[in-house]
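Number of protein chains: 2
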Amino acid sequence: MQRSKLVSQILEKKNYLCVGLDTDTEKLPAHLKNKPDGIFEFNKRIIDATLEHCVSYKINTAFYESMGTKGWEIMQETFNYIPDSHFKIADAKRGDIGNTSHQYAIAFYETLKADAVTVAPYMGEDSIKPFLSYKDKWAIVLGLTSNAGSKDFQQLILSDTGKPLYETVLETVAKWGNIDNTMFVTGATKADFFEDIRSVVPEHFLLVPGVGAQGGSLSEVSKKGANKDIGLLINASRAIIYASGGEDFDLAASEAAKEICNEMKGYIV
Amino acid sequence: MQRSKLVSQILEKKNYLCVGLDTDTEKLPAHLKNKPDGIFEFNKRIIDATLEHCVSYKINTAFYESMGTKGWEIMQETFNYIPDSHFKIADAKRGDIGNTSHQYAIAFYETLKADAVTVAPYMGEDSIKPFLSYKDKWAIVLGLTSNAGSKDFQQLILSDTGKPLYETVLETVAKWGNIDNTMFVTGATKADFFEDIRSVVPEHFLLVPGVGAQGGSLSEVSKKGANKDIGLLINASRAIIYASGGEDFDLAASEAAKEICNEMKGYIV
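Line order of the protein sequences matches chains C and Y. Quick note: the first sequence uses this note's numbering, first residue 10, plus one each step. Quick note: the second sequence uses this note's numbering, first residue 10, plus one each step.
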């Protein structure tokens, strides 16, 4: 998806919500648990119920890979089911030497037909570049993640700049790509860091997980992270898809998404 | 696989070769290219031909994921086909927040039944710990990789220690696990760094890619990297599996593996 299309969707709908499909077999409502196509039916009904309240879906590959071949099939069906009006993210955190990253780019951009894939930066330039060579496809590179472990390496200070590693990652990766093919993952639980982040990458889109179950604040992130194009995709997974564990799970998901979406309207002026 | 079993296999066979199954559809011999089960047949024949010349196989997940559901099926079949005498590595470079890494652990340890999975360290402790909670299963964490991009972040100097990031990664991750459940990826193209690496993690196993197509030297790595248990798994992929592009590909692979294996015998005294 082209940047201009994504931006106009966001501004028209006054909405920058991404719904995360981290669908866990153990958390399926009872009536879907033992159905052979229970997970796909769950995803389908979540998508139907939330489509008008979001601009993007994020599929977390781990929850499908844990089911093996069947899981990969459900992941493919789910990507196929999401309409092209919505920005499709494969949350895969991949990254390897060049010829291998190229294979991952094929997997996510060509085979699964995602618009974007999340990428881990540890292996450097040749591990990221293959994800930047497709027109209107996006690498969403880990910057400062939402989890406690982000302090272990991402926040260590580098001697040549006196700045934390994650800032150097943002600055360096931003030069390899551009604002039309690169986004960064920056966790909502780190709202205090957003001013620093925006000083390094003022124009890039940020994918922001961590609102909801992980405790990040939508209001704070929106105030500190938005730029002139909004430039944010805020992800919520568990807070939406498990809003109810009963047969009304899709209605509850719709309500939960709508609530976030209504709050967002207040932040887009 | 238990560490003691791996070490005894290596010492008995005088062999620490890992054969990398980075099987690329485009590089299949002509007579297998258009067969529906061409890739699995290729893998099967490579495994049959190299079994006595190696102690481990490494399956690079990217080359299978690029084929979608069918690829995941072939990956599962290939893992099933490798005998339990050999150490099975899923080269997947995964890593995510805790509950997601746990799903990846299920995918690779339980569903695919690998002994080990490669893990990217950028997201820190809670992203790695779920891979360390299975008995006799191994997280192989990226330390200093074989590619050019390893200089971009891994080799940056940290201000509090005056040492490069990768050394801190080795030192820190080593404390989260132990020598029975943690290995590190250290590229053969960085043989000059092996003394430093061994000063930080003297007892851990190192998975060493980069011999062969990437230019690393088996002799140098063996001299500088071996410890009292050998403590090395040296991977070769393209140099073995594509040793011939013809119908004799398995014979050529056997010869190529045997040659490396014979050289290794000289390094185990």
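There could be a bad hint or two in this list.
One copy or two, either will do: identical chains are not told apart, so a pair holds if it fits within one copy or between any two.
[Claimed, not checked] Mimicking DSS-like on lysine-lysine, the simulated pairs with C-alpha atoms at most 25 Å apart in a straight line are:
(1) K36 <-> K138
(2) K138 <-> K184
(3) K36 <-> K53
(4) K36 <-> K79
(5) K22 <-> K44
(6) K172 <-> K160
(7) K79 <-> K237
(8) K233 <-> K44
(9) K233 <-> K144
(10) K23 <-> K232
(11) K122 <-> K79
(12) K232 <-> K144
(13) K232 <-> K79
(14) K172 <-> K14
(15) K232 <-> K22
(16) K79 <-> K274
(17) K267 <-> K232
(18) K53 <-> K146
(19) K53 <-> K160
(20) K53 <-> K122
(21) K22 <-> K267
These aren't lab readings, by the way, just hints derived from the structure by calculation. From a predicted model like this one, the values you see are computed outputs, not experimental measurements.
Hints and how they fare:
1. Within a single copy, K36 and K138 get their C-alpha atoms only as close as 37 Å, which misses the 25 Å cut-off; across copies the closest is 23 Å, which meets it.
2. Taking identical chains as interchangeable, the C-alpha atoms of K138 and K184 lie at most 25 Å apart only when both belong to the same chain, with a minimum of 11 Å there against 33 Å between chains.
3. Only within a single protomer do K36 and K53 lie at most 25 Å apart by alpha-carbon distance; the minimum there is 16 Å, versus 38 Å between protomers.
4. Within a single copy, K36 and K79 get their C-alpha atoms as close as 18 Å, which meets the 25 Å cut-off; across copies the closest is 27 Å, which misses it.
5. Taking the closest pair of Cα atoms, K22 and K44 never come within 25 Å of each other, the shortest separation being 35 Å inside a single copy and 49 Å across copies.
6. Proximity of K172 to K160 under the C-alpha cut-off of 25 Å is found in both arrangements, the shortest distances being 13 Å within a copy and 18 Å between copies.
7. For a Cα distance limit of 25 Å, the shortest separation of K79 from K237 qualifies neither inside one copy, at 42 Å, nor across copies, at 43 Å.
8. When the C-alpha separation of K233 and K44 is checked against a cutoff of 25 Å, the pair qualifies neither within a copy, at 44 Å, nor between copies, at 55 Å.
9. Taking the shortest Cα distances, K233 and K144 never come within 25 Å of each other, neither inside one copy (30 Å) nor across copies (44 Å).
10. Only within a single protomer do K23 and K232 lie at most 25 Å apart by alpha-carbon distance; the minimum there is 15 Å, versus 62 Å between protomers.
11. In this homomeric assembly, K122 and K79 come within 25 Å of each other (Cα to Cα) both inside a single copy, at 18 Å, and across copies, at 16 Å.
12. Taking CA atoms no more than 25 Å apart as the test, K232 paired with K144 passes in neither setting, with 31 Å inside one copy and 46 Å between copies.
13. Proximity of K232 and K79 under a CA criterion of 25 Å is satisfied in neither setting, with 41 Å inside one chain copy and 45 Å between copies.
14. Proximity of K172 to K14 under the C-alpha cut-off of 25 Å is found in neither arrangement, the shortest distances being 35 Å within a copy and 45 Å between copies.
15. With identical chains, the CA atoms of K232 and K22 are at most 25 Å apart within one copy only, with a shortest distance of 18 Å there and 63 Å across copies.
16. In this assembly of identical chains, the alpha carbons of K79 and K274 never lie at most 25 Å apart, being 39 Å within a copy and 43 Å across copies at closest.
17. In this assembly of identical chains, the alpha carbons of K267 and K232 lie at most 25 Å apart only when taken from the same copy (20 Å versus 62 Å across copies).
18. Taking the shortest alpha-carbon separations for K53 and K146, only the intra-copy value of 24 Å comes in at or below 25 Å, while the best inter-copy value is 35 Å.
19. Taking the closest pair of Cα atoms, K53 and K160 never come within 25 Å of each other, the shortest separation being 37 Å inside a single copy and 44 Å across copies.
20. For a Cα distance limit of 25 Å, the shortest separation of K53 from K122 inside one copy, 17 Å, qualifies, whereas the shortest one across copies, 30 Å, does not.
21. Proximity of K22 to K267 under the C-alpha cut-off of 25 Å is restricted to the intra-copy arrangement: shortest distance 12 Å within a copy versus 63 Å between copies.
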